[in-house]
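If you read the protein sequences in the order shown, they are chains A and B.
The numbers in the UniProt record's numbering rise by one with no breaks, and the one at position 136 of the first sequence is 136.
The numbers in the UniProt record's numbering rise by one with no breaks, and the one at position 320 of the second sequence is 320.
For the record, the hints were derived by calculation from the structure and aren't laboratory data.
Owing to the predicted nature of the structure, the values given are computational and were not obtained by experimental measurement.
Be aware that a few hints might be false.
One copy or any two copies: either way a pair holds, since identical chains are not told apart in the list.
[Claimed, not checked] In silico DSS-like pairs for lysine-lysine, Cα to Cα no more than 27 Å straight-line:
(1) K38 / K63
(2) K44 / K63
(3) K201 / K211
(4) K23 / K63
(5) K63 / K140
(6) K26 / K44
(7) K44 / K234
(8) K38 / K140
(9) K133 / K219
(10) K211 / K178
(11) K23 / K44
(12) K8 / K91
(13) K91 / K133
Number of protein chains: 2
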Amino acid sequence: MKRKITLKHIARELDVSISTVSKALKNSEEIGQDTKEKIQAFAKLYNYRPNNIAISLKNKRTKNIGVIIPDIVHHFFTTVFRGIEQYANNKGYNVIVCVSDESFDKEVINMEMLANGSIDGFIMALAGETQLKNDFNHLKEVTEQGIPLVLFDRVTEDVQCDKVIINDEEAAYQAVKKLIASGRRKIALVTTEGYLNVSAKRAEGYFRALKEHHLPIDKDMILELPYQKDNEKKSEEFFRNRSIDAVLCVNEIFAVKCMGIVQRSGKRVPDDIAFIGFTDGILSRLSTPTLSSVDQHGELMGETAARMLIEKIERDHDQEEEEIFQTRIISATLVERESTLGSLK
Amino acid sequence: MKRKITLKHIARELDVSISTVSKALKNSEEIGQDTKEKIQAFAKLYNYRPNNIAISLKNKRTKNIGVIIPDIVHHFFTTVFRGIEQYANNKGYNVIVCVSDESFDKEVINMEMLANGSIDGFIMALAGETQLKNDFNHLKEVTEQGIPLVLFDRVTEDVQCDKVIINDEEAAYQAVKKLIASGRRKIALVTTEGYLNVSAKRAEGYFRALKEHHLPIDKDMILELPYQKDNEKKSEEFFRNRSIDAVLCVNEIFAVKCMGIVQRSGKRVPDDIAFIGFTDGILSRLSTPTLSSVDQHGELMGETAARMLIEKIERDHDQEEEEIFQTRIISATLVERESTLGSLK
Numbered sequence: 001m002k003r004k005i006t007l008k009h010i011a012r013e014l015d016v017s018i019s020t021v022s023k024a025l026k027n028s029e030e031i032g033q034d035t036k037e038k039i040q041a042f043a044k045l046y047n048y049r050p051n052n053i054a055i056s057l058k059n060k061r062t063k064n065i066g067v068i069i070p071d072i073v074h075h076f077f078t079t080v081f082r083g084i085e086q087y088a089n090n091k092g093y094n095v096i097v098c099v100s101d102e103s104f105d106k107e108v109i110n111m112e113m114l115a116n117g118s119i120d121g122f123i124m125a126l127a128g129e130t131q132l133k134n135d136f137n138h139l140k141e142v143t144e145q146g147i148p149l150v151l152f153d154r155v156t157e158d159v160q161c162d163k164v165i166i167n168d169e170e171a172a173y174q175a176v177k178k179l180i181a182s183g184r185r186k187i188a189l190v191t192t193e194g195y196l197n198v199s200a201k202r203a204e205g206y207f208r209a210l211k212e213h214h215l216p217i218d219k220d221m222i223l224e225l226p227y228q229k230d231n232e233k234k235s236e237e238f239f240r241n242r243s244i245d246a247v248l249c250v251n252e253i254f255a256v257k258c259m260g261i262v263q264r265s266g267k268r269v270p271d272d273i274a275f276i277g278f279t280d281g282i283l284s285r286l287s288t289p290t291l292s293s294v295d296q297h298g299e300l301m302g303e304t305a306a307r308m309l310i311e312k313i314e315r316d317h318d319q320e321e322e323e324i325f326q327t328r329i330i331s332a333t334l335v336e337r338e339s340t341l342g343s344l345k
Numbered sequence: 001m002k003r004k005i006t007l008k009h010i011a012r013e014l015d016v017s018i019s020t021v022s023k024a025l026k027n028s029e030e031i032g033q034d035t036k037e038k039i040q041a042f043a044k045l046y047n048y049r050p051n052n053i054a055i056s057l058k059n060k061r062t063k064n065i066g067v068i069i070p071d072i073v074h075h076f077f078t079t080v081f082r083g084i085e086q087y088a089n090n091k092g093y094n095v096i097v098c099v100s101d102e103s104f105d106k107e108v109i110n111m112e113m114l115a116n117g118s119i120d121g122f123i124m125a126l127a128g129e130t131q132l133k134n135d136f137n138h139l140k141e142v143t144e145q146g147i148p149l150v151l152f153d154r155v156t157e158d159v160q161c162d163k164v165i166i167n168d169e170e171a172a173y174q175a176v177k178k179l180i181a182s183g184r185r186k187i188a189l190v191t192t193e194g195y196l197n198v199s200a201k202r203a204e205g206y207f208r209a210l211k212e213h214h215l216p217i218d219k220d221m222i223l224e225l226p227y228q229k230d231n232e233k234k235s236e237e238f239f240r241n242r243s244i245d246a247v248l249c250v251n252e253i254f255a256v257k258c259m260g261i262v263q264r265s266g267k268r269v270p271d272d273i274a275f276i277g278f279t280d281g282i283l284s285r286l287s288t289p290t291l292s293s294v295d296q297h298g299e300l301m302g303e304t305a306a307r308m309l310i311e312k313i314e315r316d317h318d319q320e321e322e323e324i325f326q327t328r329i330i331s332a333t334l335v336e337r338e339s340t341l342g343s344l345k
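From just these sequences and the hints, can you work out the full model?
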């Protein structure tokens, strides 16, 4: 039996990146003519076809849903996953998860593998690297073949599909307004390096609240941390050298780490510095003091994504005239705990 | 095309449990003759064969590994997963995860789905319910078909396969010895309800250390908590009514929750009560005080499991004379932090 060739094989054989192969096969102008011809010739020689089993699958349901998430360490993604699972299981679907580890290549490899007949549709949050690269060919290929796709949380306007997002900008705006209302004026933002799509929205909300209250916007009050690595020294230096009375953090891990740094330096939370984080997980509930946090309703987001996907999967394709894509917005809510108690004197 | 029938379909059609179907098809004496005949007739009618695609797969590698874990909320399983992924990715394998949610049925459904041609081998930790039921037919079916299987952490002697475990008994013994050496004598154990396999081993180590130091073994000093649900009242009542100067907890979530309860009641950690948890995760590092914890080396466990599995997958079956199964033991180490600082006065 002839073995099916994938983007990954081509990339490995020709010693180029998966992204280059993907673009070359789409005849992208970003890739040099020589490389393009070499890749196209190789693909032709080995009879490459994108997810070629998938096409025959429309009438053969697997009753499996493929989920691709950037990591399984952040509480938020695991709660979304639970929401997906609960809804899907109730409807008789199994859920398969792959983790992209924020890597573009792994996202492409996982999608290609699952699209090969294992699943009826995808639910995904984009890898950080995919967002930075701005390359969504692998998603377009899947949707063009009629495999339903729902993006959640980390989405892109470049792909036509169903989406579930939260009102990140508004949630951050409300959180900062709350800090201002309690008398705080020197409000820092702790965010991810390179501002992932979601972090950028939260930063916008932070800016809007400051502007509205005629508070200065100062880039020096923004701490950018690497997404998954520790960077304790950078954080310590940031809090040591600035006069800060409140902090908005784009996730709860950053918030709990920064609360620890501030407390070890002898300051009190919330008396000297108030904290609000995003992702209302176990860390927020168990930290000392407990952390006020924006609840993104991950389970509801997962349930919504699963409902949208299964509706698409089970729809009668012969009946419909045109494809309609929806974007649902989940409202985040601020859960107030000890880290924002009281007003600044 | 005729649709392939699975255990799940049969169970649903005949309104019996998946476990009953599985046992009936194995002609188990536990199932009544009537039910057995009905199930066997139905299976025959619809041409049921266990994972019938898998058999043809020996010469057609998928380069995918299937991982089934009980949950993705506990830090331990996510670190094992990372270890599996890192090793497997380096060797050119993708990893697919399914979550059993501690449910026997979901474990069976997930295995059946993945064994159907999606993967070359399995890495698994058993669901709590599977351990309580003591029913491992679904594992035996997979190994009998020649699909390699590696069990980790939660294993069973009833299935012949490669295994990776940690020395849970010894690790708990050493942790309790450490507490005794610092002058603690009234040492409580916080464990899971119904003692999962792993918790039982930790309890044995706890008992051994107490016995060795001629301390009384008192069932009243053992708090059993449900595995995934909150049970704050039960914990509060436990600590309110007992004289305790140290606690061993079988996971870090229990430990951090109990430290919070004890501190809110006005006692100091570690001055009045010392704490040691299992699973050296982010909660242990970020709690106040920081938690001394048994590091189970999840990444190493995952890497070891992946290495054993891939060796089995890539072995030349024609060369070998007999199947050899190995059990590797990972040594846990105690990471000491603030919650065990100093000695009892």
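Q. Given a CA cutoff of 27 Å, do K201 and K211 count as a within-copy pair, a between-copy pair, both, or neither?
A. within (15 Å within a copy, 59 Å between copies)
Q.
For K38 and K63, with the copy left unspecified, which applies at a CA distance of at most 27 Å: within, between, both, or neither?
A. between (39 Å within a copy, 26 Å between copies)
Q. How do K26 and K44 come out at 27 Å by Cα distance, when the copy is not named: within, between, both, or neither?
A. within (13 Å within a copy, 49 Å between copies)
Q) For K91 vs K133, is the C-alpha pair at or below 27 Å within one copy, between two copies, both, or neither? A) between (36 Å within a copy, 26 Å between copies)
(Q) At most 27 Å between CA atoms: does that hold for K133 and K219 within a copy, between copies, both, or neither? (A) The answer is within: 25 Å in one copy meets 27 Å, while 59 Å across copies does not.
Q: Could you figure out if K23 and K44 sit no more than 27 Å apart (CA to CA) within one copy, between two copies, both or neither?
A: within (15 Å within a copy, 50 Å between copies)
Q. Using 27 Å as the alpha-carbon threshold, which applies to K23 and K63: within, between, both, or neither?
A. between (32 Å within a copy, 24 Å between copies)
Q.
At most 27 Å between CA atoms: does that hold for K211 and K178 within a copy, between copies, both, or neither?
A. Within one copy only: 14 Å inside, 56 Å across.
(Q) As a check of your reading, is K38 near K140 (CA-CA no more than 27 Å) within one copy, between copies, both or neither? (A) within (23 Å within a copy, 48 Å between copies)
**Q.** Intra- versus inter-copy proximity for K234 and K44 (alpha-carbon distance at most 27 Å)
**A.** For K44 and K234, the Cα distance exceeds 27 Å both inside one copy (51 Å) and across copies (66 Å).
Q) Should K63 paired with K140 be assigned to within, between, both, or neither, using CA atoms and 27 Å as the limit? A) So K63 and K140 pass the 27 Å test inside a copy (22 Å) and across (25 Å) alike.
Q: Go through the copies and call it for K8 and K91: within, between, both or neither, with a Cα cutoff of 27 Å.
A: between (34 Å within a copy, 13 Å between copies)
Going through the hint list in order, the structure does not satisfy hint 7, though it satisfies all others.
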